[in-house]
Amino acid sequence: MKFRNNPSLVVRIFLSTLLIGAVFASPANALPGSQKVLFILDVSGSTNSAQLWKESLRPSLIKKLVQPFGYPAKAAPLDISVTTVQTNSIDAPIFDIVTRADAEFIWAAIDTTGGGNPNSARLKEMNTDIFEGGAWTKQSAFLSRSKIVVPSLPKCIESTINGFKNSNYFDDEPLESKKHMATAVCRMSITIGKRISQLDNYFKNPKCDVNSPGTPRTCSDIIGAILQATSAASDLINEEPNQGTPNFCIAIASDMLNKSLGVASNSPLDSRYVAMNVNSASEARALGSKAAKLADVKFPRGIKIKVSVLGQGTGPRPLPLDKNSYLAAYWAGFWEHAGVKGSNSVRSLDEACS
Numbered sequence: 005m006k007f008r009n010n011p012s013l014v015v016r017i018f019l020s021t022l023l024i025g026a027v028f029a030s031p032a033n034a035l036p037g038s039q040k041v042l043f044i045l046d047v048s049g050s051t052n053s054a055q056l057w058k059e060s061l062r063p064s065l066i067k068k069l070v071q072p073f074g075y076p077a078k079a080a081p082l083d084i085s086v087t088t089v090q091t092n093s094i095d096a097p098i099f100d101i102v103t104r105a106d107a108e109f110i111w112a113a114i115d116t117t118g119g120g121n122p123n124s125a126r127l128k129e130m131n132t133d134i135f136e137g138g139a140w141t142k143q144s145a146f147l148s149r150s151k152i153v154v155p156s157l158p159k160c161i162e163s164t165i166n167g168f169k170n171s172n173y174f175d176d177e178p179l180e181s182k183k184h185m186a187t188a189v190c191r192m193s194i195t196i197g198k199r200i201s202q203l204d205n206y207f208k209n210p211k212c213d214v215n216s217p218g219t220p221r222t223c224s225d226i227i228g229a230i231l232q233a234t235s236a237a238s239d240l241i242n243e244e245p246n247q248g249t250p251n252f253c254i255a256i257a258s259d260m261l262n263k264s265l266g267v268a269s270n271s272p273l274d275s276r277y278v279a280m281n282v283n284s285a286s287e288a289r290a291l292g293s294k295a296a297k298l299a300d301v302k303f304p305r306g307i308k309i310k311v312s313v314l315g316q317g318t319g320p321r322p323l324p325l326d327k328n329s330y331l332a333a334y335w336a337g338f339w340e341h342a343g344v345k346g347s348n349s350v351r352s353l354d355e356a357c358s
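Residue numbers for the sequence shown follow our numbering, beginning at 5 and rising by one.
Be a bit skeptical, because a hint or two may be false.
As the list claims (entries may be wrong) - Computed list of lysine-lysine pairs in DSS-like fashion (alpha-carbon distance at most 30 Å, straight line):
| # | residue 1 | residue 2 |
| --- | --- | --- |
| 1 | K68 | K198 |
| 2 | K169 | K142 |
| 3 | K308 | K67 |
If you are wondering where the hints come from, they were derived from the structure by calculation, not from laboratory data.
Full structure from sequences and hints, please.
Quick look at the structure:
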């Protein structure tokens, strides 16, 4: 790519690369705090995680990717990731779908091609050209296919530049400017496509990680997954210290019958045992609170947490119906001690974190 005829654009593009991953000081490009969403899928067999991914979570994510990058000073960018309940869930990999850094990358490119800190009218025109049926809309369309085929970067860039013809803002822009914006859009759509493909492959045959030799097999470390979520919450606060109160939604698809390695069968950490053996909802709630304390599960202050659960008490070994209220009370006590004020049950992942 050559910029021989537009040295000022070269400088602006160089500066924009320095801004990627940082919070913009410019008011026109000041993105609000992120809307963080973490989906936790149980691969122990308590839920059909492969089916949930293919038929519920994946389509829901694709809808969110229509425009996940927010809008300066108006709409929060999305930060969405997926992890699993495993034998030792705190070490389970986290799969990013879209991140705040992605939003900053896109808006840095918009800022650059808009001449640096574009005014509201210009920003609106550029937003239309990119997100309202424009470049991002067209170049991310392949994400909705059942089998993702990631396009080549050169072809995507060429297609995007051609698509800028008769657009509101980019039609009259120099070719270098069009190339810069097209490259940013295409790199991002390809990156997100590869992330979704990785999850497609993972959930074709999701398996619990293998226990150490000689240890009993268990794959329901739900509390470990929640501990991992508390770390993600702390990271969110540290990464966005000046963006107001962060919002963090956690959606868990699981029977919520915790069974971690080394936990005695009569421990407060064994939620099945508690639900089957308590005599009242208040006793179950107290033991749930004790479990959160024993596991040292505590979300940081200064963040708004919401938890949605799908499948609680169900699965191949469901609780008796008359015990479900005790399980619900157990987790109500757990969440309360952990610092979660809002929790609910949902019938599908589409309803979670909407």
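May I ask which of the numbered hints given earlier this structure violates, with the numbers listed in increasing order?
-> none
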